[in-house]
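Assemble the whole structure, with the sequences as input and the hints as a guide.
For the record, in the sequence shown the residue sitting at position 73 is 73 according to the working numbering, with numbers rising by one throughout.
There may be inaccurate statements among the hints.
Claimed, not checked - In silico DSSO-like links for lysine-lysine, alpha-carbon gap of 27 Å or less:
1. Lys68 - Lys58
2. Lys31 - Lys64
3. Lys58 - Lys38
4. Lys31 - Lys58
5. Lys64 - Lys38
6. Lys68 - Lys38
7. Lys68 - Lys31
Calculated from the structure, these hints are not laboratory results.
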Amino acid sequence: MTRENVSKLDDEVLDQISGGTNQEMFSLQRKTGVSNMKEIIDTLDEHGIRATLRSGGKNEYEDKTTGKLMTHSEVMA
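Okay, structure coming up:
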């Protein structure tokens with residue numbers, strides 16, 4: 001299935017097809033330089049981000065200073 005074939009699907013369905021959460025984990029591993037979930041959470045915490053990582057579900061991120069929920073894209077910026 002190509003990206004064009006699924007371009008009309010909503011984000012949730014696309015995440016299920018492409019393993020969206022797994023893709024988030026891979027990008028977090030590259031960003032933080034660690035592979036263990038606990039170490040990723042600790043590293044993000046050191047940078048002021050409270051993370052709840054779920055295998056098979058949507059990850060959640062919160063700015064510890066403002067309490068604002070963050071998207072994965074904001075965390076990666």
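Status of each hint after checking the structure:
Distance restraint check for Lys68 and Lys58: the Cα-Cα separation of roughly 17 Å lies within the 27 Å cut-off, and the hinted pair is therefore satisfied. Distance restraint check for Lys31 and Lys64: the Cα-Cα separation of roughly 19 Å lies within the 27 Å cut-off, and the hinted pair is therefore satisfied. Using a Cα cut-off of 27 Å, the hinted pair Lys58 and Lys38 holds, with the two alpha carbons roughly 17 Å apart. For the suggested pair Lys31 and Lys58, the alpha carbons sit about 18 Å apart, so the restraint of at most 27 Å is met.
For a cut-off of 27 Å, the pair hint linking Lys64 to Lys38 stands: about 17 Å separates their Cα positions. Restraint check: the Cα-Cα separation between Lys68 and Lys38 comes to about 22 Å, which is no more than 27 Å; the hinted pair holds. Straight-line distance between C-alpha atoms of Lys68 and Lys31 comes to about 21 Å, which keeps the hinted pair within the 27 Å bound.
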